[in-house]
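A.B. asks: Once you've looked at the hints, dock chain B against the given chain A.
Protein chains: 2
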Amino acid sequence: MYRSHTCGELRSNQVGQTVTLAGWVQTVRKFGSITFVDLRDRYGITQLLFGEELNKVLDENPLGREFVLQVTGAVSERSNKNANIATGDIEIIVQSFNVLNKSAVPPFTIQDDTDGGDDLRMKYRFLDLRRNAVKRNIELRYAVNRAARNYLHGNGFMDIETPFLIKSTPEGARDFVVPSRMNPGQFYALPQSPQTFKQLLMVSGYDRYYQVVKCFRDEDLRADRQPEFTQIDCEMAFVEQEDILNMFEGMIKSIFKEVKNIDYTEAVERMTWEEAMWQYGNDKPDIRFEMKICNLKFPAHTFPAKQSQSVLIDGADFKVFDEAETVVAIAVPGCSEYTRKQTDELTEWVKRPQVGMKGMVFIKCLPAEASAQEGNTGITFKSSVDKFYSEEKLKAIAEATNAKAGDLILILAGAEERTRKAISDLRMYMADKLSLRKAEDFKLLWVLDFPLFEFALEDQDGGGAGRWVARHHPFTSPKPPHIETMINNSPKVDDLDKYLEHPYAGIKANAYDMVLNGNEIGGGSIRIYQRELQEKMFAALGMNAEEQLHKFGFLLGAFEYGAPPHGGIAFGFDRLCAILGGSESIRDFIAFPKNNSGRDVMLDAPSAIDTKQFDELQIKLNLK
Amino acid sequence: MYRSHTCGELRSNQVGQTVTLAGWVQTVRKFGSITFVDLRDRYGITQLLFGEELNKVLDENPLGREFVLQVTGAVSERSNKNANIATGDIEIIVQSFNVLNKSAVPPFTIQDDTDGGDDLRMKYRFLDLRRNAVKRNIELRYAVNRAARNYLHGNGFMDIETPFLIKSTPEGARDFVVPSRMNPGQFYALPQSPQTFKQLLMVSGYDRYYQVVKCFRDEDLRADRQPEFTQIDCEMAFVEQEDILNMFEGMIKSIFKEVKNIDYTEAVERMTWEEAMWQYGNDKPDIRFEMKICNLKFPAHTFPAKQSQSVLIDGADFKVFDEAETVVAIAVPGCSEYTRKQTDELTEWVKRPQVGMKGMVFIKCLPAEASAQEGNTGITFKSSVDKFYSEEKLKAIAEATNAKAGDLILILAGAEERTRKAISDLRMYMADKLSLRKAEDFKLLWVLDFPLFEFALEDQDGGGAGRWVARHHPFTSPKPPHIETMINNSPKVDDLDKYLEHPYAGIKANAYDMVLNGNEIGGGSIRIYQRELQEKMFAALGMNAEEQLHKFGFLLGAFEYGAPPHGGIAFGFDRLCAILGGSESIRDFIAFPKNNSGRDVMLDAPSAIDTKQFDELQIKLNLK
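Read top to bottom, the protein sequences are chains A and B.
Under the numbering used here, the residue at position 336 of the first sequence is numbered 336, and the numbers go up by one with no gaps.
Under the numbering used here, the residue at position 433 of the second sequence is numbered 433, and the numbers go up by one with no gaps.
Just so you know, these hints were derived from the structure itself, not from any lab.
Identical copies go unnamed one by one, so any copy, or any two together, can satisfy a pair.
Listed below are the simulated BS3-like cross-link pairs for lysine-lysine, each with C-alpha atoms no more than 25 Å apart in a straight line:
| id | residue 1 | residue 2 |
| --- | --- | --- |
| 1 | Lys306 | Lys479 |
| 2 | Lys102 | Lys479 |
| 3 | Lys536 | Lys102 |
| 4 | Lys624 | Lys612 |
| 5 | Lys81 | Lys30 |
| 6 | Lys443 | Lys433 |
| 7 | Lys284 | Lys253 |
| 8 | Lys443 | Lys284 |
| 9 | Lys443 | Lys292 |
| 10 | Lys492 | Lys536 |
| 11 | Lys421 | Lys358 |
| 12 | Lys438 | Lys284 |
| 13 | Lys341 | Lys382 |
Isolated chain A, as found in the complex:
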C-alpha cells in the first residue's frame, strides 16, 4: 500500500504520528523558504508543509497541479486552523516525498467552479470526475443504489440477472440491434427493459425480483435523454396494486432516510390521472405548491364527470373565449403589481412555438388599500379584457380561481390538449420564477388510474395511423371492472373524430406512476396473466395472431402453465439520483455519459469498424 492513511482522516489526536499519504496536488503555495501543498484524494484534502531543505529539492523539480505525490511525514498541529475542512486542525511536516506521476497542466481547473466548458469537460471526463461537485453526485448514486438494494433485500427480493442479448420486438421505442456472427442474417436486440423476463420469473415462482439494470432505447435524443440508462426494476407475484404502492413508497422513504437523512413520515398523496390532468394539466404534477388550474371551459367528453362553469365567461362577446375549446386559469400569488412590461413578457413566453398559444389574458387582483371601505372586498380588478368583462364578472372568475388580494390571474384559451399543456408549462414557469420549486423540498405523489389506451391519430412508430396504442405497455392489465368492456367490444374505431366516444377510451389501467417534485421517477402496473386477455390486448394494438406468436410466443406460452397474478414497477435510477442530488440533469449523475447525439466524446464512439468485422458479420453499409 502506498499510504498509511487517506487525505481525509487525520485529526489532531493523531499529532506526532508518522504517516504516509498519497494523492493529487491541489495547490502549491510558496512562502519564502517553505512550501504548502494541499494534497487531495477521494476522502479529502490534507495540508503538507515542505520545510527549507525539501524546498530546495522542489525548486529544482517543481510540483505542478495534479501531480501524484506520495509523502511521509509527521502529523503536526496547525497554527492557522482551517475550520472549513475536516483535516483543518493538522498538517503534515514532510520528511520525504516521491512523485509517483507527473501531470500536464489540466485543460480546466479541478474545482467546484471550474473554468471548463461542457464539451471540454466531457472530452476529459476522467478529469471532470475529479471535481468535488461531480464526485458528490457519483457517491450519491452509489448511496441510492445501496439503499435500494438493502431495502429490497430486507423485503425478500432477489437480484436475478436477465439477458442483454435478446429478441427484437419493436413496440413503441426503437431497439438497438446486434448482428449475430454465429447466426448470419440474424440479430439480437438490447433490452428496452427486462419486462418480459421479470414476468417470466413470476411465472417461475421467484415472487420478489429486482435488478439495478442497464436498459437501451434508440430514440432521437431529447435534452437529458441517454441511449443507455439504468432502472431499478422490480416485480412481485400474488399482489394487488395496493401492495405495490405500499412496498415501493417504503423503498423511496428508505432511500430518503439512508441517503438524505430525511424522515419522510407523511403519507404519500394519491391522485387519479384524470384529477392530475384537471388540476395540473399534466400527469406528473409538482404538488409542492398550489396554483391549481381553474377550468373555466373544457370539452365535456374529455372530463365527463366534471361540471361546466363556462357561465363565468360566456355571453361577454369575447370571441377568443367563445371560440376556444378550453379556457383555463391559474392564480399566481403576489404578482398583481406586475408592470405592463412584465405581463407582455409573459405573453411573449406563451406565444413561443414550444408553448404555442396565441395570447394570454390576465387579471390583476389589486389590494384596494386606499379605497378600502367597510363592506368592500378589498380587491380591485384590472384586466386585459376590461372591455368585455365587468368588475363583477372578473370578481366571479377570480373567486373560481381562488385568487387572493395580490394575485395575478393568467388565462389561456385554445384547443384542449395544447392549452392544457401550456397552462401546465406556465404554472411551472411561474413557480420557478417565484422560487417555489426548492431542490431540498421533496414531495412524493402516486398518480393512479391511467387510461389503458391512447389513440394514435397519426402514425407514431410505423404501426399505422388511427389505432390504439398501449399507454404504459401491452402487458398492463385493465382495471378489473373494465376487463369486460375490453373483451366485449371490438377495438375498431369507425369515426376517427369520435374516438373518445369508443368504449376503449374509457378503459382504465391498473397502472401507477410515482412522481417526485414534478418528475416521474417510477412507473408500473399490475400485469395481465391470462393468455386470452393478453391475446385480446395484442389484437387491440393491431397485432395479428402470427405476429403475436412470433414476437411474444414465449410469454403467451408461459401464461398457459400456471401464471400467478403479478405486478411491478421500474424506477428511473438516473433521474431519481438527479432529483435527490438537487439537479434536473441526469448526465451529471452518470460517470461516463453520452452527449445529445449519442456520442461518447471521450472515447470517440461510435466509430467506424474494420472490413474484417463487416465480413465476419456478413453485413455491409447501405448509406443514403
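C.D. replies: This is chain B only, laid out in the frame that chain A set:
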C-alpha cells in the same frame, strides 16, 4: 396480497390460526372422499386437506399439476408428520379455495429428477426454473452477489456503472457491435470488460471501484461458454500486488462464510506460473490432491532453473523416450493392480485426438507381500517397458515420482507443450476416476508471475503471425525488474524458432490468477500507469502510433494527467457460482442462458429484423 403466509413458514405453534396461502399445485392425492394437495411456492411446500364437501367441488373441477391456487383454511396438526419438509408438522384444513390460474400439463415434471431433456427444459426455461434444483442455484447466485457486495462495500469500494455502448477496439476476442442509427456508418461495441473505464476511474481518484457487470465476447462458443457473462470487476489505486491478493482472498473467504458457512481460515497457497506448469502441467492446478508431475526429461530453455534428471531414463535404448522432447510421469495411488484391460483403456484415452499422445508407458508398483522379506523394499515393479529398463532402473524412476507400494506410474513422452498438457489432463482424469475431486472440498490457490507475453507463431486474431501477444491484456505491468528489459530491447524476433531466447520471453507480468479446485475463478494485474511504458507495450504488440491513438488515445491521454499506481482483478461470477454450487456447468447458474450456438431457444433469438430497421440503420445483409 393474495396470501397471509408463504408455503414455507407455518409450524405447529401456528395451529388453530386461519391463514391464506397461494402457490402452485405440486401433487394431488385423492383418498376416498378427501384430497391432499401439496402447494408449492418459492419458500416451500405445505400440505392442504380438502374435506368431503370441497372434494365434491374438486370432482367437478379437478385440480391439475401447476395450477395456481389460493386457499384459506385453518392450520392443523398433522397425524402423519413429515420430517423431510420444514412444514411437515402441519397441514391446512381448507375452508375455501380459488383457482387463480389453470395450467396445461407441463412438458416435463417439475422435480429434482425431472424427465425433461436439456433442449426441452431450455425451451421451457420458465418451468425449469421452478425446479428446486435450479432454484437453489439461482438463490446461491444471489447469495454470492450479496456477499461480494457487502464485503466490498465494507472495504470502501464503490459500485460505479460503466457504459455498455463503447468503442470497438478489437484485441484478442471479437467485439459484438451495435450499429448507430444517429451516426450512420458507425458502430458501438459492447464491452468485453470495463477494463479501460475502471482504469480511468482510478485516474479520476475513485480509488476503490467494483461492479457486478455483464460482459460480452463474440467467440466461437466452446462447451460452457456464454456470449454474455458476468464479472465481479474490481480496481484499486495506490496498491501493490500484495494488497490486492490480501483484499480479494478476503473477499472469497467472506463469500465462503456467508454462502456456504465455511470458515476458510488457512492461508491461501501461492505458486508461480512456472512452478504450476512444472508440477501440474497447467496454470490452474487442482491442488486438492497430489499426483504431482515428475519431470523425467524437459526442454532446458523452457525451465532454465530446473535440473535435468534424464539420467534416469537415458541409455536404455528406448527410442520413445530418447527421441522425445519431454518425458513426464505421475504416480496414481492405489492402482497398481490395474488389469491389462484397464491399462489398455488408459492408453486409448491418451491416444484420443483431444489428448493426442502416441502411447503410454506404465509401471506397476506391486506390494510384494508374498515375497516380502527383511531388507526388501516391499515393492516389485512390473512395467510395459520391462525389456528396456531393469528393476533397479524402474525403482529409481518410481522413487523420483514419489510412488508408494500400490501405485501405478503413468508416463507420457512427446513434444513439450502437448505432452505436458496431456499429463495434466491424465492427472485430472485419474483424479475424477478415483473421486479425489469432491465438490464440497474447496482449495484456493494464487498463481503468480505469469509471462507478460506469449509468442504467436501462427496468426490468432488477424494481427499476423510471428509476434508477441499479451498473455493477460495490454494494460498489465511487467514486474518492476523487467521494465528495463522491455524498454531496452526491440520486440523484433529474428529467428522464429528461437523466440524463447528473446529477452521478451523471460519478462514476467505483475499478474495473478485465483484458482479454485482447478478452475480459474479470477485474474488480474497491476497496471501500467505511465504513458511511455504503455506506448512501448502497444508497440511490442505490433500497434503503430496511429493505431494506438485511434484505439486508446483516451487512455494514453489520461495517463498524462496524474495517473496513480493501480491494479485490479475480475472474477468470473458465473464460474464462481457454479463451483460453489458443486457443478462445473455455468449454464445451470444463469437464469436465462444461451445454448452452444449462442441462441436463446426460449425467445428464439437472435432472429431476423424488419426492413424498416435495416433502412433506419443504413446497413444491409451481405450473406456469403
